[in-house]
Amino acid sequence: MKNILKRRLKAGEQVYGTWITLESPIASEMMSTLGFDYFVIDTEHAPLDIYQAQTLMQAMRGDSKTSPIVRVWWNDLVAIKRALDIGAHGVLVPWVNTKEEAELAVKATRYAPDGLRGNGPRRASLFDPDYILTANEEILVICQIETKEAVENIEDIVSVEGMDVSYIGPADLSASYGHLGNMSHPDVQKAIDRVFDATEAAGKATGVHQASGATIKDRMEKGYNFITIGNDLIYLKQGVLNQRKDLGLD
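First residue of the sequence shown? That's -17 in the working numbering, and the numbers climb one at a time after it.
Don't take every hint at face value.
Calculated pairs, PhoX-like style, for lysine-lysine (alpha carbon to alpha carbon, straight line, at most 20 Å) [what the hints assert, rightly or not]: (1) K89 to K186; (2) K63 to K(-16); (3) K186 to K204; (4) K172 to K204; (5) K47 to K(-16); (6) K81 to K130; (7) K89 to K63; (8) K219 to K(-8); (9) K227 to K204; (10) K47 to K(-8); (11) K(-8) to K186; (12) K186 to K81; (13) K172 to K130.
Distance windows between CB atoms, simulated [said to hold, decoys possible]: (14) R176 to G17: 26 to 36 Å; (15) D175 to P7: 36 to 46 Å; (16) L231 to L16: 25 to 35 Å; (17) N164 to D138: 24 to 34 Å; (18) K172 to T80: 14 to 24 Å; (19) R105 to Q171: 36 to 46 Å; (20) K172 to P7: 40 to 50 Å; (21) R226 to R176: 38 to 48 Å; (22) L98 to I216: 27 to 37 Å.
Keep in mind the hints are simulated off the structure, nothing from the lab. Built from N, CA and C at the ideal position, the CB exists for glycine as well.
Based on the sequences and whatever the hints tell you, model everything.
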């Protein structure tokens, strides 16, 4: 396995991606031709099971440079193992609040003796005879930071070896700070800045979900590395609204 996305992040590059939430292989296939650096296939909040996640990855064009990431439904050994076994290049693990939880997420992606991942990679190794020899170094581990507790522990979380990206979840973060739905609140923005500063100091990549209370361009200029710019459902809705506006129907 050779994870180009992980190499680019380690080199300090900015990468841009989107979330896949619709159970539509044709949409996944089409979107994989549009220049995204990564997809996050969401099995936490979207109604996607592990089989659908695999099908969405299979639909991605073979010449696509888009890397498939799966947001697992929990920081769970089996959930992470299954996401990797179907071919994900990495996992986005929700609700990581402590150093110990970050360590668990990393161990779940590593084969023994470095970790706890069971050896049964299935699709991930079908076309890669060296997969099990390289996976420990190549899998991308992204820890989602979405609570006040996580922010307070961020320096410890980003110190964990093998944790590659801190990914800010602004919706839950705003709720955790008592400002549900208000991602622009100064308390939330201060927390977001602390995550960015701590992650940058640790020499790792910082990710952010869409605008998170600022514009995407603001996050680009700030130096975020792993930047989500939308999702399939948003693009579908916006396309319809734009056409209605252009035709004078609204």
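Checked hints:
For the hint pairing K89 with K186, the CA-to-CA distance comes to about 18 Å; that is within 20 Å, so the pair holds. Proposed proximity of K63 and K(-16) is supported: the alpha carbons are some 18 Å apart, at most 20 Å. A distance of roughly 15 Å separates the Cα atoms of K186 and K204; the hinted pair therefore holds under the 20 Å criterion. This hinted pair checks out: K172 and K204 have alpha carbons roughly 14 Å apart, not beyond 20 Å.
Annotation: proposed proximity of K47 to K(-16) holds, straight-line Cα distance about 12 Å (limit 20 Å). Our distance criterion of 20 Å between C-alpha atoms is met by K81 and K130, whose separation comes to about 14 Å. Restraint check: the Cα-Cα separation between K89 and K63 comes to about 10 Å, which is no more than 20 Å; the hinted pair holds. Between the alpha carbons of K219 and K(-8) the distance comes to roughly 35 Å, so the proposed pair goes past 20 Å and is violated.
With a C-alpha separation of about 33 Å, the suggested pair K227 and K204 falls outside the 20 Å cut-off, and the hint is violated. Distance hint between K47 and K(-8) is fulfilled; the C-alpha atoms sit about 17 Å from each other, no more than 20 Å. For the proposed pair K(-8) and K186, the alpha carbon gap of about 7 Å is at most 20 Å, so the pair holds. Only pairs whose Cα atoms come within 20 Å are accepted, and K186 paired with K81 is accepted, the gap being roughly 15 Å.
As the CA atoms of K172 and K130 are separated by approximately 11 Å, the hinted pair is consistent with the 20 Å bound. Distance hint check for R176 and G17: the Cβ-Cβ separation is about 32 Å, which falls inside the suggested range of 26 to 36 Å. Look at D175 against P7: about 39 Å separates their beta carbons, and that is inside 36 to 46 Å. The hinted range of 25 to 35 Å is satisfied by L231 and L16, whose Cβ atoms lie roughly 26 Å apart.
Range check, N164 to D138: about 27 Å between beta-carbon atoms, so the 24 to 34 Å window is met. Distance hint check: the CB atoms of K172 and T80 are about 21 Å apart, consistent with the given range 14 to 24 Å. Taken as a hint, the range 36 to 46 Å holds for the pair R105 and Q171, whose Cβ atoms sit roughly 41 Å apart. Checking the proposed 40 to 50 Å range against K172 and P7 shows it holds: the Cβ atoms sit about 42 Å from each other.
R226 and R176 have their C-beta atoms about 41 Å apart, which keeps the hinted 38 to 48 Å range intact. Against the hinted window of 27 to 37 Å, the Cβ-Cβ separation of L98 and I216 comes to about 36 Å, which satisfies the hint.
The structure does not agree with the numbered hints 8, 9 stated previously, though it agrees with the rest.
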